[in-house]
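K.L.:
Protein chains in written order, with our numbering: chain A, 90 to 554; chain B, 90 to 554.
Keep in mind that the hints are not guaranteed to be accurate.
Intra- or inter-copy, both count: the list cannot distinguish identical chains.
[Claimed, not checked] No farther apart than 27 Å at their CA atoms in a straight line, the calculated lysine-lysine pairs in the DSS-like style are these:
1. 299 / 133
2. 215 / 131
3. 297 / 416
4. 215 / 133
5. 444 / 416
6. 249 / 299
7. 452 / 408
8. 249 / 131
9. 452 / 416
10. 416 / 548
11. 134 / 548
Simulated from the structure, these hints should not be mistaken for lab results.
Number of protein chains: 2
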Amino acid sequence: MLDQSTICAISTSPGSGAIAVIRLSGSEAISIAGKIFRSPNKTKKLEDQPANTLHFGQIISNDEVIDEVVVALFRAPHSFTGEDIVEISCHGSAYIQQKLLEILAENGARLARPGEFTQRAFLNGKMDLSQAEAVADVIASSSAAAHKLALNQMRGGFSKEINELRDQLLHFTAMVELELDFAEEEVEFADRTELRKLAEKLELLLRKLKNSFQLGNVIKNGIPVAIVGETNVGKSTLLNALLNEEKAIVSEIHGTTRDVIEDVVNIHGTAFRFFDTAGIRETVDYIESLGIERTYHKLNEATVVLLVVDTQNPYPVVKGRIDKIRKRITNGQQLIIVANKTDVGKPETINQLKKLELEENEKSVFIVAREKQNLTELIDLMTHAVNTEALNQEDVIVSNARHYEILKNAHAAIERVLTGLDTGITGDFLSQDIRECLHYLGEITGEITTHEVLGHIFKNFCIGK
Amino acid sequence: MLDQSTICAISTSPGSGAIAVIRLSGSEAISIAGKIFRSPNKTKKLEDQPANTLHFGQIISNDEVIDEVVVALFRAPHSFTGEDIVEISCHGSAYIQQKLLEILAENGARLARPGEFTQRAFLNGKMDLSQAEAVADVIASSSAAAHKLALNQMRGGFSKEINELRDQLLHFTAMVELELDFAEEEVEFADRTELRKLAEKLELLLRKLKNSFQLGNVIKNGIPVAIVGETNVGKSTLLNALLNEEKAIVSEIHGTTRDVIEDVVNIHGTAFRFFDTAGIRETVDYIESLGIERTYHKLNEATVVLLVVDTQNPYPVVKGRIDKIRKRITNGQQLIIVANKTDVGKPETINQLKKLELEENEKSVFIVAREKQNLTELIDLMTHAVNTEALNQEDVIVSNARHYEILKNAHAAIERVLTGLDTGITGDFLSQDIRECLHYLGEITGEITTHEVLGHIFKNFCIGK
Numbered sequence: 090m091l092d093q094s095t096i097c098a099i100s101t102s103p104g105s106g107a108i109a110v111i112r113l114s115g116s117e118a119i120s121i122a123g124k125i126f127r128s129p130n131k132t133k134k135l136e137d138q139p140a141n142t143l144h145f146g147q148i149i150s151n152d153e154v155i156d157e158v159v160v161a162l163f164r165a166p167h168s169f170t171g172e173d174i175v176e177i178s179c180h181g182s183a184y185i186q187q188k189l190l191e192i193l194a195e196n197g198a199r200l201a202r203p204g205e206f207t208q209r210a211f212l213n214g215k216m217d218l219s220q221a222e223a224v225a226d227v228i229a230s231s232s233a234a235a236h237k238l239a240l241n242q243m244r245g246g247f248s249k250e251i252n253e254l255r256d257q258l259l260h261f262t263a264m265v266e267l268e269l270d271f272a273e274e275e276v277e278f279a280d281r282t283e284l285r286k287l288a289e290k291l292e293l294l295l296r297k298l299k300n301s302f303q304l305g306n307v308i309k310n311g312i313p314v315a316i317v318g319e320t321n322v323g324k325s326t327l328l329n330a331l332l333n334e335e336k337a338i339v340s341e342i343h344g345t346t347r348d349v350i351e352d353v354v355n356i357h358g359t360a361f362r363f364f365d366t367a368g369i370r371e372t373v374d375y376i377e378s379l380g381i382e383r384t385y386h387k388l389n390e391a392t393v394v395l396l397v398v399d400t401q402n403p404y405p406v407v408k409g410r411i412d413k414i415r416k417r418i419t420n421g422q423q424l425i426i427v428a429n430k431t432d433v434g435k436p437e438t439i440n441q442l443k444k445l446e447l448e449e450n451e452k453s454v455f456i457v458a459r460e461k462q463n464l465t466e467l468i469d470l471m472t473h474a475v476n477t478e479a480l481n482q483e484d485v486i487v488s489n490a491r492h493y494e495i496l497k498n499a500h501a502a503i504e505r506v507l508t509g510l511d512t513g514i515t516g517d518f519l520s521q522d523i524r525e526c527l528h529y530l531g532e533i534t535g536e537i538t539t540h541e542v543l544g545h546i547f548k549n550f551c552i553g554k
Numbered sequence: 090m091l092d093q094s095t096i097c098a099i100s101t102s103p104g105s106g107a108i109a110v111i112r113l114s115g116s117e118a119i120s121i122a123g124k125i126f127r128s129p130n131k132t133k134k135l136e137d138q139p140a141n142t143l144h145f146g147q148i149i150s151n152d153e154v155i156d157e158v159v160v161a162l163f164r165a166p167h168s169f170t171g172e173d174i175v176e177i178s179c180h181g182s183a184y185i186q187q188k189l190l191e192i193l194a195e196n197g198a199r200l201a202r203p204g205e206f207t208q209r210a211f212l213n214g215k216m217d218l219s220q221a222e223a224v225a226d227v228i229a230s231s232s233a234a235a236h237k238l239a240l241n242q243m244r245g246g247f248s249k250e251i252n253e254l255r256d257q258l259l260h261f262t263a264m265v266e267l268e269l270d271f272a273e274e275e276v277e278f279a280d281r282t283e284l285r286k287l288a289e290k291l292e293l294l295l296r297k298l299k300n301s302f303q304l305g306n307v308i309k310n311g312i313p314v315a316i317v318g319e320t321n322v323g324k325s326t327l328l329n330a331l332l333n334e335e336k337a338i339v340s341e342i343h344g345t346t347r348d349v350i351e352d353v354v355n356i357h358g359t360a361f362r363f364f365d366t367a368g369i370r371e372t373v374d375y376i377e378s379l380g381i382e383r384t385y386h387k388l389n390e391a392t393v394v395l396l397v398v399d400t401q402n403p404y405p406v407v408k409g410r411i412d413k414i415r416k417r418i419t420n421g422q423q424l425i426i427v428a429n430k431t432d433v434g435k436p437e438t439i440n441q442l443k444k445l446e447l448e449e450n451e452k453s454v455f456i457v458a459r460e461k462q463n464l465t466e467l468i469d470l471m472t473h474a475v476n477t478e479a480l481n482q483e484d485v486i487v488s489n490a491r492h493y494e495i496l497k498n499a500h501a502a503i504e505r506v507l508t509g510l511d512t513g514i515t516g517d518f519l520s521q522d523i524r525e526c527l528h529y530l531g532e533i534t535g536e537i538t539t540h541e542v543l544g545h546i547f548k549n550f551c552i553g554k
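Just need the whole structure built from these sequences, with the hints factored in.
P.N.:
This is how it looks when you write it as structure tokens:
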């Protein structure tokens with residue numbers, strides 16, 4: 090399964106910078122680098138240098154100096170991939186980076202596929218699959234919370250706990266299956282009480298992990314926030330105030346914000362994913378009505394719904410709007426009623442809104458979006474709408490959709506094991522459910538994996554990692 | 090003059106990548122890095138590690154693991170800046186990069202100014218000023234020729250030659266000035282024949298360098314190519330075909346390409362800087378007429394002018410167009426008449442164009458831009474319009490505008506020295522001209538420099554270099 094060829098890629102962010110790093114990994118990494126490297130005294134051989142050392146010199150191609158570089162040497166198995174690795178720090182022009190890749194290819198390296206370095210790290214046993222997957226999340230994380238989540242997972246996360254329980258479960262399967270060999274003698278090698286204890290422990294853990302996904306997902310991808318309201322109540326202005334930049338079109342013309350604009354913004358270490366939505370009103374404009382359909386769709390995806398109302402309108406109109414949206418708020422969603430334009434609003438409307446009775450999952454806030462007045466209060470409400478404090482405990486949180494799907498399956502299997510124990514089903518059925526659970530747990534950490542699964546996981550990586 | 094504080098910056102291209110490199114330089118670099126670094130066995134001290142070594146470990150802030158990194162250690166004076174340098178290779182998320190800079194700042198490093206690492210390399214005598222300036226050019230170079238030019242300069246370029254002649258000239262000045270002390274005795278310590286030889290040598294070198302600037306400039310910034318012609322003859326289509334991408338608006342509507350679009354593209358290792366220009370025709374549209382004014386302006390800046398004509402027009406119309414542009418072609422410019430749409434053109438027009446008598450600086454080519462037909466021939470003509478082959482010889486080429494200005498001044502001064510020698514002016518006048526020439530030469534390599542000049546040079550660098 091292991092591809093032995095030496096691979097290379099630009100590992101730093103694409104584009105031009107002061108320096109760039111080209112990474113080579115494989116059994117030929119050092120000898121290939123040696124062919125194009127020349128030390129100042131022209132005698133140093135890279136192949137003879139010890140691991141974890143740095144070497145200044147030139148990259149030479151056809152007797153021409155291509156660049157002056159620093160070469161970092163790592164030797165197997167003490168490297169990221171577990172193979173020999175050479176990292177070439179060159180000047181960061183796009184030209185040099187391309188040229189270096191060309192020269193390396195001429196000398197026997199091939200371009201790495203996305204995630205291939207990390208895939209090799211996994212295949213060489215440097216990390217399990219869930220850790221490898223977390224590498225991509227660490228790189229992609231854009232908020233403190235998401236970063237912490239990904240780093241925890243990369244450093245082991247729930248792998249250890251799952252692996253321990255899996256080992257114990259494996260032991261029981263062996264016992265249960267041994268019973269099958271002696272089926273006629275009705276012996277019980279596997280202590281059913283012990284097995285039940287273990288299965289219960291596993292069920293609890295799997296349920297906890299499964300349930301953590303909603304939180305993990307919003308931490309990783311940003312808390313989805315939908316901004317809804319009639320046209321011209323100031324939705325785009327509010328979004329802009331929150332984003333602190335002009336990404337959405339702000340306009341006095343009704344229905345200008347036809348497209349759902351998504352924008353991720355970091356507020357106090359929490360990422361919010363905003364949808365700015367077309368004004369919800371009856372319309373004959375076809376394109377606009379498309380936008381409105383999308384609005385209702387997005388509403389369902391949101392964890393937090395900001396309903397913006399214009400306090401310049403009479404209260405009954407505003408109330409009608411609120412009631413209409415309330416009907417669409419589902420369980421687990423937070424509704425924040427944002428009373429806008431309070432500087433020019435009708436006092437009657439504002440007063441009535443202040444007296445409005447709120448459900449447990451509802452809040453209200455009075456702002457002037459254009460003046461950024463009271464935004465802090467709104468942001469506080471949004472930040473507390475999702476409890477990200479669980480992160481501060483050492484709780485393990487699942488943020489990977491693949492893991493979530495597998496955990497659901499594993500949980501279903503262990504529940505069947507428990508039911509089976511309750512109803513006293515025969516060992517062969519029990520064994521089948523345990524095997525299934527084992528299989529799923531193995532898929533998370535990569536004990537059990539297929540080429541296809543690996544390909545799917547690593548294709549989403551960036552090249553160079 | 091030397092700022093001793095320890096500086097830090099992200100040295101890789103901004104944005105997110107597999108890895109990023111944060112660079113620290115200064116006397117405290119290793120101790121600051123040591124404060125936030127923890128090795129796997131928790132006992133390794135960065136301060137005790139030898140130069141040019143790599144260390145895997147974690148970055149810790151407030152007992153929290155921020156990332157797993159590899160730290161590279163360089164010790165003064167054997168580093169890029171001549172100071173202690175630590176390079177931290179971290180995961181390339183924007184979040185981690187920012188966080189690491191924050192932590193380094195908390196621990197006593199300050200953010201580096203643009204080019205400050207290279208400035209320190211210069212101030213610490215690791216390179217002269219023209220070499221330091223070339224570092225920025227190496228990073229910015231986007232074609233093989235520009236890269237070679239910049240790398241030559243970074244590796245010493247004309248510094249050595251200039252410094253040698255400057256030393257000799259300095260010796261003569263001393264002699265000439267010694268004569269002044271003995272003015273009443275009419276002695277000549279400085280052999281006038283030798284001085285003339287030296288001055289002539291210097292004049293030749295300075296003239297050669299000065300004259301190389303035009304070539305150096307087009308190599309560095311791309312050969313400026315103006316695409317002109319009436320509206321709707323296919324200028325944008327041609328530009329797109331050349332760029333191989335849709336950067337300009339292609340449209341059948343007359344006068345759509347209102348703005349001068351500039352695009353640099355690399356063809357066979359030579360960079361071309363294209364201006365796509367508004368169609369030159371009489372117009373009442375104010376915005377469009379602005380565009381046309383700019384077209385004529387750009388025409389003057391171009392080294393190569395591509396005049397696109399539509400062979401569907403009658404020959405007299407086409408010929409009128411050619412004559413009009415010919416009048417505007419100045420000395421040193423190359424005019425390439427691009428006869429377009431030859432697949433649907435009038436045979437008479439095509440035939441007459443083929444018979445058109447061309448000046449030495451004129452070429453013609455027959456293409457179908459939309460079908461990319463005969464583009465290779467056009468590209469060949471463009472590539473040969475500027476003789477970049479001088480690069481292949483070991484000729485030194487000036488590409489830096491600052492150097493060019495200084496070289497002009499130095500050349501004028503050395504010419505005055507020669508005239509002075511011819512007319513037998515007195516030693517004090519001679520000395521003054523030699524001093525002036527010395528001063529300018531010193532400004533190129535940085536022997537003579539001011540804080541202001543340094544500030545100006547390095548402010549155009551990217552941060553992190």
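K.L.:
Does each hint hold? Answer for all of them.
P.N.:
Status of the hints after comparison with the structure:
In this assembly of identical chains, the alpha carbons of residue 299 and residue 133 never lie at most 27 Å apart, being 55 Å within a copy and 39 Å across copies at closest. For the homomeric pair residue 215 and residue 131, the shortest alpha-carbon distance between copies (20 Å) is at most 27 Å, but the shortest distance inside one copy (36 Å) is not. Taking the shortest Cα distances, residue 297 and residue 416 never come within 27 Å of each other, neither inside one copy (31 Å) nor across copies (81 Å). In this assembly of identical chains, residue 215 and residue 133 lie within 27 Å of each other by CA distance solely across copies; the values are 22 Å between and 31 Å within a copy.
For a Cα distance limit of 27 Å, the shortest separation of residue 444 from residue 416 inside one copy, 20 Å, qualifies, whereas the shortest one across copies, 80 Å, does not. Only within a single protomer do residue 249 and residue 299 lie at most 27 Å apart by alpha-carbon distance; the minimum there is 17 Å, versus 69 Å between protomers. Taking the shortest Cα distances, residue 452 and residue 408 sit within 27 Å of each other inside one copy (15 Å), while across copies they are farther apart (76 Å). Taking the shortest Cα distances, residue 249 and residue 131 sit within 27 Å of each other only across copies (22 Å), while inside one copy they are farther apart (49 Å).
In this assembly of identical chains, residue 452 and residue 416 lie within 27 Å of each other by CA distance solely inside one copy; the values are 16 Å within and 74 Å between copies. In this assembly of identical chains, residue 416 and residue 548 lie within 27 Å of each other by CA distance neither inside one copy nor across copies; the values are 41 Å within and 58 Å between. With identical chains, the CA atoms of residue 134 and residue 548 are never at most 27 Å apart, being 36 Å at best within one copy and 38 Å at best between copies.
Hint compliance for this structure: hints 1, 3, 10 and 11 are not met, and every other hint is.
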